[in-house]
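J.: Letter by letter, the chains look like this.
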Amino acid sequence: MLKIDELKVSYGGIEAVKGVTFEVPERKIITLIGANGAGKSTTLRTIAGLVKPAHGRIHLQGEDITGLSPDRIVSKGITLVPEGRRVFPDLTVLENLKIGAYLRKDDLTDDLNWVYELFPRLKERSWQAAGTLSGGEQQMLAVGRALMSRPKIIMMDEPSLGLAPIVVKGIFDIIKEINKQGVTVLLIEQNANMALKIADIGYVLETGRITLSGTGRELLSNEAVKKAYLGT
Amino acid sequence: MTLQKKDKTGALIGLAAAAAFLILVIVLENTLAPTSQLFVVLKKGAVYSLVAVSMNLLNGFTGLFSLGQAGFMLLGAYTYAILTVPVAVKDQVYYLFGGSAVKFSLPDLFGGLDTPVGLILGVILAILLGGCVAALFAWLIGLPVLRLKSDYLAIATLGFAEILRAIFQWQALGPVTNGANMITQIPTFNNFNITGPDGKVVLYLSAFFPLLIATLCIIVIVMLINSSYGRAFKAIREDEIAAEAMGINLPRHKMLSFCISSFFAGVGGALFAMFANNAQAKVYTSTMTYEILLIVVIGGIGSISGSCLATFLYVACSEWWLRFLDNKMVFTSTMQPKRIAFIVIFAVVVIGGAFLLIRRERKGPGRMWAEILTWIVALLLLGWLGYFIVTGSLNVPLMGTGFRMVVFSVVIMIVVLFFRQGIMGDKEFTDLFLRGKKAIGKEGAK
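First to last, the sequence lines map onto chains A and B. If you're matching positions, the first sequence starts at 1 in the numbering used here and goes up one per residue. If you're matching positions, the second sequence starts at 233 in the numbering used here and goes up one per residue.
Because the hints were derived from the structure by calculation, they are not lab data. Computed from a predicted structure; not experimentally measured.
A partial selection of chain B residues facing chain A, derived with a Cβ cut-off under 7 Å:
#	residue
1	A464
2	D471
3	G479
Taking lysine-lysine and the DSBU-like style, the derived pairs with C-alpha atoms no more than 30 Å apart in a straight line are:
#	chain 1	residue 1	chain 2	residue 2
4	B	K240	A	K123
5	A	K8	B	K381
6	B	K335	B	K322
7	A	K105	B	K240
No residue lacks a Cβ here, since even glycine has one placed at the ideal position from N, Cα and C.
Generate the whole structure from the sequences, applying the supplied hints.
T.: Below, the structure is given as structure tokens:
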């Protein structure tokens, strides 16, 4: 569905991503794992159009979407849940969700109900300012907000960042649920154990290059991965 | 859904309040003496509230800190003036330049200022064109400048406003702008008073007209803020990166907000020219922008009703309520009741004010410096009062020309130091009525 070809990205002369090639098949959960500074976030930000690539192509269902502006990419069906949640703190939960659907002009009622069904907590708090939510609730809101654009692919940048283990588990259950309902998920995580457990395919990114790939299960039992990322 | 119901009730309350206010103005205007200072406050307040709300749209709702408001007002004022000087008096107004380069006048095109159609259509069209010219310039300047953020954007727009002021006083543009002279003889608010056949005014509408225009413009801005565009503006204010990731086109929306804000500043400028009876470049200084900024801050950044309320308070204080401070206050004897009353009121205000401020600090943030500052100021003022009592002076010391501005500045400093949220914070006055209902809505949602 999504094809990344020889992607290279630099920030002011320093190459953060040095030729990454991978594929995201439809209706699967794909995860990129890697240490800090491996280029995971940059890869996602480039796919979302927030950063322009220096080299390489990105194709969505055969269509070249390299270098399009972020709003065009969202309307093509790729939405990013940014790192650190980044909800709009002074707006209400409902307003946050509506902004997620900003580019759509059709009726939102069905999607609002869908998001509220996935996250009943958000419905209870729909009048509350998003800044007053707990960390886990904010992450739910960030995911719900992205879902409001009806994405084909939802990309999540470190959804477990700074959350308690029990909350993280809840978030990962939701990711599986979203995927079951037909949304392709591209996930990057430092919590490699959790991510590989739910992933269909995993890629290991090291200093801007993909060094390993395989199904989630394969990578979980791979000795090198175990040593570097799973700590066992 | 409860959301739509709540929004509708809020909108209805707002509209009803605006309509009631406008009707009250018509009644007041036709019962009080037209020379009352109240009408100066209402007219200037109308102009300033519109400009303040337009600035709030940009600074408070989109989070773009721009200081170009006076420049856009200038553009609106000059466009209005150039297009409305009656053809018959153009040679007289532009006598230094041998007549105007603009050979027509909008009201004259529709039958002249003496006919209702010519007046209303001509003036309103000129006001709108003033807004459009301001918006056009905003677009041009926005192309390079909107790439900048916060302080840098403020400096760039401030510079732009100063350049405009210089250009409009340039002698070479005299046939259009009348150089450094003002453009006079333009239709003003007084033209909207309806006169009978004997030349006497039958119905005063001179304060109603600017208030009506300002109200309509503010309603448009409120509708914009409550639309999906308004939500996008607020999203940009809160988090640019997240807004961009959600598919909001940043350059386009920033430009939109900037142009709309400038449009209404231009309309405000045209109204200001009507208020001042002339268009004169040297009036639109950065001081004017700061005045507006002050109003926005005092009213509460991100609150439309706060901006409106603060405008009228500010204008009333500067033009009316604090005027008495500029005159010398002289008493006839030390035991004159007026003098004693002055002493008592002054002491009560100082002691009460200091008491309230200190209590507020102790209950709330508890800032040491704020408490000490309050003590110092209160003791100084009381010392000054003590000196006045002990010497048995009949003149209140210090009062005289310019003292008003000193007191005014001190009041503003107190507001900014102790009430940083402004009068309204980011709430609207309709929220006051809806507080009960909102709570019910919340329960219902569960």
